[in-house]
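The hints should help you fit chain S onto chain H, whose structure is shown.
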Amino acid sequence: MTPERAPLLEVRDLVAGYGAVQVLTGLDITVAEGEVAVMLGANGAGKTTTMRAISGMINRKGTITFRGEALTRRAPDEIVRMGIAQVPQGRGTFTDLTVEENLRAGAYVRKGSGIEADLEEWFGVFPRLRERRSQKAGGLSGGEQQMLAIARALMSRPKLLLCDEPSLGLAPIITQELFDVLKRLNTEQGLSILIVEQNANLALRIAHSVFVLETGSIVASGTAQEISNNDAVRTAYLGY
Amino acid sequence: MGHLLQYILNGLARGSIYSLIALGLVVIYRGTGHLNFAQGEMALFATFGAWWINDHGFPLWISILLAALGAFVGGGLIEYSLIRPAAKKSPFAVVVITIGLFQAFNSLSGLLFKGAATGLPFGTLFPDAPSDFFRLPGGVIWRYENIGVLVTVVIITVLLFVLFQKTKIGLAMRMVANNADSAKLAGVPTNKVLMLSWALSAAIGTIGGCLVAGINANVSLGTMFGVFLLASAAATLGGLDSPIGAVVGGLSLGVVESLVTNYPNDWWGSTYIGADTAIAVAFVIILVVLLVKPSGLFGSTRVERV
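If you're matching them up, the sequences are chains H and S in order.
For the first sequence, the residue numbers in UniProt numbering are 1 to 240.
For the second sequence, the residue numbers in UniProt numbering are 1 to 306.
The hints are simulated quantities; they were obtained by calculation from the structure and are not laboratory data.
Each residue gets a CB set at the ideal place from its N, CA and C atoms; glycine is no exception.
A hint or two may mislead.
Straight-line C-alpha distance at most 20 Å; calculated DMTMM-like pairs for lysine to aspartate or glutamate [as the list claims (entries may be wrong)]:
1. K168/S - D96/H
2. K166/S - E100/H
3. K89/S - D181/S
Derived contacts from chain S toward chain H, CB cut-off under 8 Å, selection only [claimed, not checked]:
4. T277
5. S295
6. G299
Same shape as in the complex, but just chain H (with noise of 0.2 Å):
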């Protein structure tokens, strides 16, 4: 279904760990621009590892090239700065902050012009974040902890946003309510993302492409509608 796009993050070979512990072995995915990618993968698969490295947040091996530029020896604070944003695992919100303030953390990187702009297309989009946006953030509900995260990495103005694990600790509804944002900033502001998840219905659902994650290395990947319909993928992935 998706015409040949060009590739706006590349990973090759990618190596990296905590310390002693190698977590991913040589990992290889591809991002198109403008398209939503997937990677699924159970528990200590090396999702979070995955993402933390191409942050810059953990030391790794291998190339990572965004926009054609090679990001693997450059500092967190760079790569934010070449447009690329995460919504960490467990939201990672400034909790003793106030909504617009964690909003405006999230603009760090920005200069100046644009930003109030900004901050209002944000409340727009997520009216709830306005009513409380004088209130610390740590006194939200998780749902609206997560969709403050988002706001906030929106903020830096991406053109890929990496999200690790949205749905977690959030009930069925909310993380629809989620899913249906996520897909809106795609298709209309042709935003890129590459989303980790466990939860791979809800994932699959809005996805162009999936990679399947395995102890450190790709097992699997394909187009949503390929992985959907791989046997084994769907045994443990999709449960049926």
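Structure of chain S alone, referenced to chain H:
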């Protein structure tokens, strides 16, 4: 009643000093979670620096500003060269290093400044002739110097508040304090922020050290011991990560110290109950507060929902 007000005013002056050193502790603690045990002795060293500059013919206020500037640079360098590499290994290594710095700065002061052990004369920024005071009702006097010290603390607190709440650098500092991981992901160069915290803390400490020296009219190797003890108590009382807590904690400990030192004297004419008892009473109060509210008076109890 007149006495009460008098003792409170005296206590506020001393408490202001505790507040300043406590503020320095809080600025570092917020960013890194480290308690800088060398806070008092770093301030002492910089105060000797101010004395030295002053001794070379510069006006006192310029000497203090230059010393604070030097401390700003020095504090940043300490973070960069000692604390940062140690923090990568273990938090305990940082504790050991700050204790080492405590010793190092005290010894270095003794080595570099002749007469430091017995004390060097130190001027004050504020008028302190015997007649320099306001007369308040009830025979209470409020010395200009005590007012000046209190006002200095208020000004620095307000400046810090503006820095934290109204500037982008302040926002970055609060981001790092609240969630270092997310701050990094949002593009904050967290290392630079921590370096700035140490720099800022050292500069604030310098002002505190110079004010103590001014009140004592003297600076010696022992000047900061007691001050640091009460300042760290003040920071704990206020909640370690709250600047306003440090100020309130410092001022109230100063007042408690003053009351406990003076009242028994009035009642029983006893000189046995002195500053040492005051410290004991201060610590009992802190113990009680922390039992009731473990995060301190203004410390943040993290509310998080998952």
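Cross-check of the supplied hints:
1. Our distance criterion of 20 Å between C-alpha atoms is met by K168/S and D96/H, whose separation comes to about 16 Å.
2. For the hint pairing K166/S with E100/H, the CA-to-CA distance comes to about 13 Å; that is within 20 Å, so the pair holds.
3. Restraint check for K89/S and D181/S: the C-alpha separation of about 18 Å stays at or below 20 Å, so the hint holds.
4. Restraint check, T277/S versus chain H: the minimum CB separation of about 38 Å is more than 8 Å; hint violated.
5. A hinted interface residue such as S295/S counts as satisfied when its beta carbon comes closer than 8 Å to some beta carbon of chain H; here the least separation is about 12 Å, so the hint is violated.
6. For the restraint placing G299/S at the interface with chain H, the shortest Cβ-Cβ distance is roughly 11 Å, beyond the 8 Å limit, so the hint is violated.
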